[in-house]
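4 protein chains.
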Amino acid sequence: MMNTNGTFNVQRQYLSHWDNIYYHLVTMPWKYFFALVFLCYIALNLIFASAYWLIGLEQLNGLTPGDFWHNFSSVYFFSTQTLTTVGYGHISPAGFLANLVASLESFIGLLAFALISGLLYSRFSRPSAKIVFSENLLVAPYRDGLGVMFRMGNARKSELIETEVQIILAMNQTEPDGATTRRFYGVPLEISKVSFFALSWTVVHGIDEKSPLWGFSPQDLEDANAEFMVLVKGTDEANQQAVHTRHSYVASDMVWNARFQPVITRNTQGLPHVLVRQIGAYEMLS
Amino acid sequence: MMNTNGTFNVQRQYLSHWDNIYYHLVTMPWKYFFALVFLCYIALNLIFASAYWLIGLEQLNGLTPGDFWHNFSSVYFFSTQTLTTVGYGHISPAGFLANLVASLESFIGLLAFALISGLLYSRFSRPSAKIVFSENLLVAPYRDGLGVMFRMGNARKSELIETEVQIILAMNQTEPDGATTRRFYGVPLEISKVSFFALSWTVVHGIDEKSPLWGFSPQDLEDANAEFMVLVKGTDEANQQAVHTRHSYVASDMVWNARFQPVITRNTQGLPHVLVRQIGAYEMLS
Amino acid sequence: MMNTNGTFNVQRQYLSHWDNIYYHLVTMPWKYFFALVFLCYIALNLIFASAYWLIGLEQLNGLTPGDFWHNFSSVYFFSTQTLTTVGYGHISPAGFLANLVASLESFIGLLAFALISGLLYSRFSRPSAKIVFSENLLVAPYRDGLGVMFRMGNARKSELIETEVQIILAMNQTEPDGATTRRFYGVPLEISKVSFFALSWTVVHGIDEKSPLWGFSPQDLEDANAEFMVLVKGTDEANQQAVHTRHSYVASDMVWNARFQPVITRNTQGLPHVLVRQIGAYEMLS
Amino acid sequence: MMNTNGTFNVQRQYLSHWDNIYYHLVTMPWKYFFALVFLCYIALNLIFASAYWLIGLEQLNGLTPGDFWHNFSSVYFFSTQTLTTVGYGHISPAGFLANLVASLESFIGLLAFALISGLLYSRFSRPSAKIVFSENLLVAPYRDGLGVMFRMGNARKSELIETEVQIILAMNQTEPDGATTRRFYGVPLEISKVSFFALSWTVVHGIDEKSPLWGFSPQDLEDANAEFMVLVKGTDEANQQAVHTRHSYVASDMVWNARFQPVITRNTQGLPHVLVRQIGAYEMLS
Chain A
78 MMNTNGTFNV
88 QRQYLSHWDN
98 IYYHLVTMPW
108 KYFFALVFLC
118 YIALNLIFAS
128 AYWLIGLEQL
138 NGLTPGDFWH
148 NFSSVYFFST
158 QTLTTVGYGH
168 ISPAGFLANL
178 VASLESFIGL
188 LAFALISGLL
198 YSRFSRPSAK
208 IVFSENLLVA
218 PYRDGLGVMF
228 RMGNARKSEL
238 IETEVQIILA
248 MNQTEPDGAT
258 TRRFYGVPLE
268 ISKVSFFALS
278 WTVVHGIDEK
288 SPLWGFSPQD
298 LEDANAEFMV
308 LVKGTDEANQ
318 QAVHTRHSYV
328 ASDMVWNARF
338 QPVITRNTQG
348 LPHVLVRQIG
358 AYEMLS
Chain B
78 MMNTNGTFNV
88 QRQYLSHWDN
98 IYYHLVTMPW
108 KYFFALVFLC
118 YIALNLIFAS
128 AYWLIGLEQL
138 NGLTPGDFWH
148 NFSSVYFFST
158 QTLTTVGYGH
168 ISPAGFLANL
178 VASLESFIGL
188 LAFALISGLL
198 YSRFSRPSAK
208 IVFSENLLVA
218 PYRDGLGVMF
228 RMGNARKSEL
238 IETEVQIILA
248 MNQTEPDGAT
258 TRRFYGVPLE
268 ISKVSFFALS
278 WTVVHGIDEK
288 SPLWGFSPQD
298 LEDANAEFMV
308 LVKGTDEANQ
318 QAVHTRHSYV
328 ASDMVWNARF
338 QPVITRNTQG
348 LPHVLVRQIG
358 AYEMLS
Chain C
78 MMNTNGTFNV
88 QRQYLSHWDN
98 IYYHLVTMPW
108 KYFFALVFLC
118 YIALNLIFAS
128 AYWLIGLEQL
138 NGLTPGDFWH
148 NFSSVYFFST
158 QTLTTVGYGH
168 ISPAGFLANL
178 VASLESFIGL
188 LAFALISGLL
198 YSRFSRPSAK
208 IVFSENLLVA
218 PYRDGLGVMF
228 RMGNARKSEL
238 IETEVQIILA
248 MNQTEPDGAT
258 TRRFYGVPLE
268 ISKVSFFALS
278 WTVVHGIDEK
288 SPLWGFSPQD
298 LEDANAEFMV
308 LVKGTDEANQ
318 QAVHTRHSYV
328 ASDMVWNARF
338 QPVITRNTQG
348 LPHVLVRQIG
358 AYEMLS
Chain D
78 MMNTNGTFNV
88 QRQYLSHWDN
98 IYYHLVTMPW
108 KYFFALVFLC
118 YIALNLIFAS
128 AYWLIGLEQL
138 NGLTPGDFWH
148 NFSSVYFFST
158 QTLTTVGYGH
168 ISPAGFLANL
178 VASLESFIGL
188 LAFALISGLL
198 YSRFSRPSAK
208 IVFSENLLVA
218 PYRDGLGVMF
228 RMGNARKSEL
238 IETEVQIILA
248 MNQTEPDGAT
258 TRRFYGVPLE
268 ISKVSFFALS
278 WTVVHGIDEK
288 SPLWGFSPQD
298 LEDANAEFMV
308 LVKGTDEANQ
318 QAVHTRHSYV
328 ASDMVWNARF
338 QPVITRNTQG
348 LPHVLVRQIG
358 AYEMLS
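Line by line, the protein sequences give chains A, B, C and D.
First residue of the first sequence? That's 78 in our numbering, and the numbers climb one at a time after it.
First residue of the second sequence? That's 78 in our numbering, and the numbers climb one at a time after it.
First residue of the third sequence? That's 78 in our numbering, and the numbers climb one at a time after it.
First residue of the fourth sequence? That's 78 in our numbering, and the numbers climb one at a time after it.
Each hint can be trusted.
Any copy, or any two copies together, can satisfy a pair, since identical chains are not distinguished.
Listed next, the in silico DSSO-like pairs over lysine-lysine satisfying Cα-Cα at most 27 Å (straight line): (1) Lys234 - Lys270; (2) Lys108 - Lys234; (3) Lys234 - Lys207; (4) Lys270 - Lys287.
What the hints contain is simulated information worked out from the structure, not anything from laboratory work.
Just need the whole structure built from these sequences, with the hints factored in.
In structure tokens:
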């Protein structure tokens, strides 16, 4: 149901594509965003250049007519100078229609750049944590029984405070009438909230009689199509905004009888140093 | 009291209309917003054009006087070039007064566009969920008795997480002294909070002895002018902001002895597919 | 301790006045804000005009020298054209130094207007409720005893949802050793939270044996310098942000044996209409 | 583990330095931010000036060629006029390539200033409290035993409301097997939440049998490398955003048998006046 990166494996019907425009503009990768902005810039200029062309070159002062290519590039560049409000003025609108279109174009140019300002800021300020999760869910001796655990680390410079973790387990279950339904269980955690998450955090669920996993073998979990949905919620300290991150583990991501290797060392100045790239490193228990 | 779309059916007295300007500028439909901005642009240009006209055409270099229409359109377009700071310069202020007004106009132009930038961003970033509600409230067998239920779906691409639903029931009640007063009741729900709301959600209230609806017939509810106010609260994942949505059902929206038809199918790739347009589809129970 | 409008009657020592610049720029009245921005515009132009003057008029092409006043106004207006980036170009920098200063000025101009954009948006988006409070705190028969109550109304078009009220009572109390200390008490309320606050809300504290006001006469409260600090917290629906408002009542604001007059009427279309201006209207009980 | 100013004494491995660019741009001191922006301005102009130079001076109208220095400064200043969109026009692009580069430069200029607008606003609106903490943690008689206390004051004009304090104590502890592990304890406080924090606040932990400090001598705490991590959370009233601040005290910051001197006086108008600079002033008890 959930992909490993926490997006949902679901398709929706939308009432109108306009509803999602802001969402797409804010979440698309930077390279596509800049490409789109640049294409809009070219397209707007082509539209206005065509308008000046249709109005006639004689309405633009300072433009010396030549062949088609020279003429069109001249009106195109006049359009860019108007849209960006650079307005050198060696070419300037003389007739009424050219003036009218130019006054509209510079207005639209300012509006468009105001819009881009707003979008750039939206993209910048979108709260986002970058939490690195171990690839595997380990099952290891814990207290008097077994525990299921994963490890996560903060891969950002900005601290994550008041961090909370919640795990929801989805499993197929055969009903008395033989039908298979998918059921959801909360998975209680040893510690589910920390005041600050400066280093790494190994999140542990102890398998006792109350655990939804009690008595399940690896094969049972595989058969039940078990999925652990991890929901992390915290406050990013750089902008003090709430951030949410998700991750998903399926039964085949589980490693039985293993433990995580240390991920915190001391650097040359004696400071604790978190090796985020090795967050998932584990070793088998004999 | 509440309209179906969740706005309140109430009129207020305002202390000053200035208090609501930001509210209107941010909530008005896009087409009115752009129309208003465009009208302000024209109005500002007319004001400044009149100022240049009153100061005299001889204070503007490069302007060749002609008939009234030519002259006024010349000062008007000079004004647009100054307000948008495009400043081609084929017309330029020469005298002291024209220079003074032009320096003021370009300053006001930049302020105005800064303001529009801010408003555009406010409009963009306004958190808003688009939740689709079933048109009807169904009453169907539920557990050992009856349940009242409605269904809702997320019509946005952006996930809604930590979603909570609350229902408040308003009913007229006859007091012992014969007077009719409107009373409000909380309506307990089977599940009132979900960690994520990826597909559709059927919100259910079981009618048991503790329910404010216990023992009411359809006619009783109609007579009592019953209104179910639904308040939904969640976190929009695109910008991690809280969003609130409301909906209202009245007694005549209730359908007794019916159940919702399935709204989730598999698309061609086998992904769950939510048919948001059919969120309200139901069938009568025999 | 608190003024009627909710600001604190306290003076603080500041470590640095720079810490409060953003606070002042965002909270000062609009007319002062615009006046300050305009003064900065004039000041910046005077500084740059002086720079061009010192560099020499011969470094500016298109400037025809005259008397001092003519010359200075010319460099001043050249400065305004550069700062706002309107750049007509009938005067343009020719020498190296003039070019250098002009390239700096247009850069500073853009930075300054970016800054003003940011401040304008900050001012716009600052969450603020406009709640109108009754001028008086009424004491009236309530249930089997007395109740203290005030009324408040929302004077904005934007709804206030999930509104919570808290009252803290401050009173002087004579200690056994004769010293007077100021003590703070929480005041329990009949209803302290509402899901939506669409009309008016009369907040009531019932005076029973557990009330900190139990057994106090009007004179006692006056003598104890009693102050009721009202803290209101809600979510503004226009931008879904939390808003906080405060109000203060002192003993002399209390009216004993009075009740509020109705504040909700029906308008011509039958809609409930809240008379916000009469939120404080009360009548004495016989 | 924590520095006195509340930053963590920890080093992390980052997956990509791009992840932290926004963090650095928003948190770097203002002088570095402006220096960086200015350097980017110069660098962009040098790049575009080189482009015009390579294209050839003959593609720029109005440029009178001279020696290298004159020529390069001419194209450099033409670039500044294009990037800032001031566009005087005494020099203007004539050939196709120069026009193309100029249309790109003015576009990039507008994007860059939109980006700076966004960053300036991010920097401005970043919620930040300025809480001043006493340098020392005092231990003084409290109730029937001892209490550990520190004092803090708000050094901003903006109120801090709904302020909560939490203390976490870290101590080395020798395990039965002789190994030393670092353990964390919550430290219960007399009052851990206040509705408003207008003056100063002395936060007190009473040392009773349940306290993790019970029975510890100053030397014991020193030996255990005790560290008190103070986490303060509140709502800044100027922008109604949550703010978090941290502070750290180690065993050597503790002063036994001392009490804080008064920090609140009356100013000349009789208003309470908080002497924030003397928040840490204490006196020894005999």
